[in-house]
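*Asks:* These are the residues of each chain, in order.
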Amino acid sequence: MTTTNAPARAGQAIGRMLLQGGTVVALLLLIIFFFAMRPDIFLTFVNVKNILYQVSILAIIAGAQTVVMVVGDFDLSVGATSSLAGAVAGAQMIGGAPIWQAISVALLVGLIVGLVNGVLIAYLNLTAFVATLATMTSVVGFAFLVTEGTTLFNFPAEFNELGQGKFLNIPIPVYFALVISVIIWAVLKFTTIGRSWHAIGGNVEVSRLSGVNVRRARLLAFTVAGLVSAIGGILLAARLGSASAVQGSDNMMFSVAAVFLGMTVIKSGMANLGGTMIGVGIIGVMSNGLNILGVNAYIQQVVTGIIIILAVTLSGLKTRER
Amino acid sequence: MSATNASTEVPMALEARDIFKHFDGVHALSGVKLSVKTGEIHALLGENGAGKSTLVKVITGIYTPDSGEILRNGESVEFANVRVANRAGIVALYQELSIIPSISVAENIMLGEQTPSKGGIVQWAELRKRAQEQLDRLNQKIPLNRLAGELSPVQQTMVAFARALATDARVLILDEPTASLTDTEIKDLFAVLRKLRDQGVAIIYVSHRLEEVFELCDRLTIMRNGETIITKDVQESNIEEVISNMVGRAAGQLYPERGTATTEVALTVEGLNGRRVKNVSFTAHKGEVLGIGGLAGSGRSELLRILAGAQKHSTGTVTVGEEALPSSPSVGKALDAGIALVPEERRSQGVILSASIQDNIALANIPSVSSLGIVSGVKISTITKRGMLDLQIKARGPHQNVGELSGGNQQKVVLAKMLARKPKVLLMDEPTRGIDVGTKAEIYRLIRELAAGGTTVIAVSSELPELIGMSDRIIIMHEGQISGEVEAAVADDELLLTYCYGKAN
Chain R
1 MTTTNAPARA
11 GQAIGRMLLQ
21 GGTVVALLLL
31 IIFFFAMRPD
41 IFLTFVNVKN
51 ILYQVSILAI
61 IAGAQTVVMV
71 VGDFDLSVGA
81 TSSLAGAVAG
91 AQMIGGAPIW
101 QAISVALLVG
111 LIVGLVNGVL
121 IAYLNLTAFV
131 ATLATMTSVV
141 GFAFLVTEGT
151 TLFNFPAEFN
161 ELGQGKFLNI
171 PIPVYFALVI
181 SVIIWAVLKF
191 TTIGRSWHAI
201 GGNVEVSRLS
211 GVNVRRARLL
221 AFTVAGLVSA
231 IGGILLAARL
241 GSASAVQGSD
251 NMMFSVAAVF
261 LGMTVIKSGM
271 ANLGGTMIGV
281 GIIGVMSNGL
291 NILGVNAYIQ
301 QVVTGIIIIL
311 AVTLSGLKTR
321 ER
Chain A
1 MSATNASTEV
11 PMALEARDIF
21 KHFDGVHALS
31 GVKLSVKTGE
41 IHALLGENGA
51 GKSTLVKVIT
61 GIYTPDSGEI
71 LRNGESVEFA
81 NVRVANRAGI
91 VALYQELSII
101 PSISVAENIM
111 LGEQTPSKGG
121 IVQWAELRKR
131 AQEQLDRLNQ
141 KIPLNRLAGE
151 LSPVQQTMVA
161 FARALATDAR
171 VLILDEPTAS
181 LTDTEIKDLF
191 AVLRKLRDQG
201 VAIIYVSHRL
211 EEVFELCDRL
221 TIMRNGETII
231 TKDVQESNIE
241 EVISNMVGRA
251 AGQLYPERGT
261 ATTEVALTVE
271 GLNGRRVKNV
281 SFTAHKGEVL
291 GIGGLAGSGR
301 SELLRILAGA
311 QKHSTGTVTV
321 GEEALPSSPS
331 VGKALDAGIA
341 LVPEERRSQG
351 VILSASIQDN
361 IALANIPSVS
371 SLGIVSGVKI
381 STITKRGMLD
391 LQIKARGPHQ
401 NVGELSGGNQ
411 QKVVLAKMLA
421 RKPKVLLMDE
431 PTRGIDVGTK
441 AEIYRLIREL
451 AAGGTTVIAV
461 SSELPELIGM
471 SDRIIIMHEG
481 QISGEVEAAV
491 ADDELLLTYC
501 YGKAN
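Going down the list, the protein sequences come from chains R and A.
Position 96, counted from 1, in the first sequence is what this note's numbering calls 96; the numbers after and before it change by one each time, with no gaps.
Position 447, counted from 1, in the second sequence is what this note's numbering calls 447; the numbers after and before it change by one each time, with no gaps.
Simulated from the structure, these hints should not be mistaken for lab results.
Dumping the calculated EDC-like pairs for lysine to aspartate or glutamate here, alpha-carbon to alpha-carbon at most 16 angstroms: (1) A:Lys57 / A:Glu69; (2) A:Lys424 / A:Asp336; (3) A:Lys278 / A:Glu302; (4) A:Lys57 / R:Glu205; (5) R:Lys267 / A:Glu150.
Note that this is a predicted model, so its numbers are computed, not measured.
Hey, can you work out the whole structure from these sequences and the hints?
*Replies:* Shown next, in the form of C-alpha cells:
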C-alpha cells in the first residue's frame, strides 16, 4: 500500500513544500540575485567553499540553539559559552597542556554551563530569558578572566589545523558542521529524548500528564546545547588561531535568527534542524554576497534583522489565515 | 469472570475512603466515598463545583488528599504524581487537555512512556503499528502522519482517547468525553467502552448528559458540595431522582430582596450570531439583574464577550438605550457606550496581580484620570479611595498589590475598576467563582444595590441556586441558542436543568 502511494505522496510533499517554502524561495532568490550581479565570482567552487567555511561554525551553534528551541525555550548563552570554551582550550595549550586535554577541558566547561542553565530553568523554574542572560553575563566574565582581557594566540599547529586544514580540498570545519548537524537531526528525529523534546515544545502540560519526564528532558536539552556550543567555540579558536573573550558573541544573535527563519519552513512552525540550516544558508549567502558587492560589512547585520522580521511576519500571516 | 463465589469478596478496582481536601480554608471534599468495581462503568455526577474534578485529581495523583485512603484492588496506595498513578493503571482523560498540535497523530497516541524504543531509539514501525491498533479499536480512520493540530476537534478527542487506551488503563476516568462528538461517534465510543468493560476495565464516567448515563452506565455516584450523596445501581434510579439529589436544598438568606427592575429597556440584542452564539435576541431593563445560565460550552461566556466588544460577531445588533453599538466593536467602544465586563478568569483577565489596587483601577479609567496624556495622581487616588470605600475592599491601602488580596477582595477590585466607568450595563461572568460564602453574600448585595441605582446587571453563572437567588429573570442557553427564559421568582433547579440540557419546554 505504501509503495503504490509513494509517488502521489511525494507529489503532495513537494506541493506542500512550495506552499510553505517562502523562506526557501528567499534563499534561492538571494543566490540568483548575487549570481546575476557577479556571475564571475559568486557561484564559483572557491566562493561556495568560502561560504560553507564561513557558516560552518554558525551552523554548529545554530544546531545547539535548535535543540533548546524545539523544547520551546531559547539559550542566550551559546555565543558566550563558545568563546569561553575557545579561551579555555587556548589557555591550556599555552600553559603546555596536550591538545587532547585542552579540548576535553573546554568541552567539559561547555557541558557544565549547559547543565547550570538546565538546572536553573528545569528545576529552579527560572525563565529561559533570565537564566541564560545571567549565565551569559557570568560566562563572558569567566572568558575575560581566562584570557586576562587579551587575545590568546600561538597555539600548536596541529590544533590550528582543526580549523584551517582541508580534506579533499574542503575545510575541516565544514565536515564538523555536517556531522554535528546530522547527529542533531537524527537525535531530534529518531530518539525518545528527541521526540520528548518535540512533545514538550508542543504542549508542556499534556506531555507531563502523559508521563514525559519534562524536567529531565529540558535539563538534557540545555546540556546538549552547552556541549555543542563548546565544540563550535573550539573550532572557531582553531580557525582564527586565537581566542578572545568575545569572538563567539555574534553567533548568539545569528543562531536565534537562523532558527527563527527555519521555523517558517515547516507547517507545524516548530524549530527544526533542516530549516535552521536553510536559515544559516540565508545568513551566509547574504554576508558573502554583500562582501563581494563591496557593501559595507555592517549593513549585513541591518539586513539580517529585516529579513527575520519579514520571514516571521509572513509565517504569522499564514497561520492566522488558517 | 472466574471469581463466582459470592462469599469471597472481590476487591474493588478502585476505592476512595473518607477523602478530605481543602484549598485556602474552603473544603472541596469532605469525607468522599467512591467505590468502582472491576468491569463496570460508574457514573460520577454532580453540579459544577460539587467536587467531581477535585476527586478525579486526587485519584490520579495530581492532588494529595488531606486525609483519607485510596485503594487499588483492595490495597492501599499513594500516588505521588500522575506518572505513578498511570503505572498503577489509572488514567484520566481530560476534556480540556487533549493533544499536542505540533506532532503527528501516531506520536500523540504513543506519547511518553508508551513510545516504543530500543536503546533510546524510537521504533517507528512499532509505534505506528500500535497507534493504528488503538485507532482501529475506536473504528477511527485518521492518518497517522497528520499533525494532530490539523484534525477536527472530534478527531482530536478520538486521538486523546486512543492515547488513554494505549496506556493499557485498568481504571479509566473520562471527563465529558462526548462533549464534541456526533451521535454516530458517540455510538462507536459507547461500543468501545462496553467492550473495555467486558474485558474487566473499570470506567469512571463524568458527564452532564444524564441520558447517556442511563444508556451506558451500571452504577452512579452523586456528589454535592464536596460530599458523596448517594451510590446506587442505575437501573434502580431515574433522571428525576438524580436531579433532585444533585441539586439538594439551596442556602438560606444569602440573597437580597428582588424588585428593583423597571420597565425601561436598557439593552436590546437582536439576531446576534458569532462563535458559539446562534441567533440570540433578548432585552434587559434598567435596574434589572438578568441571569444567564447553561452548561459549560453553551455559549454563555461568548455572549458576554461579544456584548463587551471582546469578541467579534458576524451578524446582529446591540443597542444600549437608544444608541446602537458599531458593527465592528472593541472593548473601548463598548465601554464608551456604557457596557463593562467583569470577566470569568479573574486572575488572568480581571486584574494584574503584580500591580497595586490603585494601578489596577486606573487601568480601565485612563481617559478620566488623565489630560493631554499626563496621568493625574490625585484623580487616581480619588477614584481609588471612593471605590475602596464603596465596595469595602479590605486591604492595607491603595498601594497594596492585588495578588496579596483574598479572592473576594480581588473581585471587588475588578468591580471597582469597572464601576468607576459608571456603566449602564454591567456584565459579570461567574461573579462569585472561588469566593468564600461570606463575601459571596456581599457581592450579591452589591449587585442588587447597583441595580437599585439604575444599572442593568447581566450575570452568567453555572451555579443554579446562585442564578435563581441573585436574578430577577433568567435566560438559559443551550448550544449557542436561548433554550428557555423564566422569572427567577418562579424558577426552580429542575426546570433550569431541563433547559440546560436543551429539552423543549
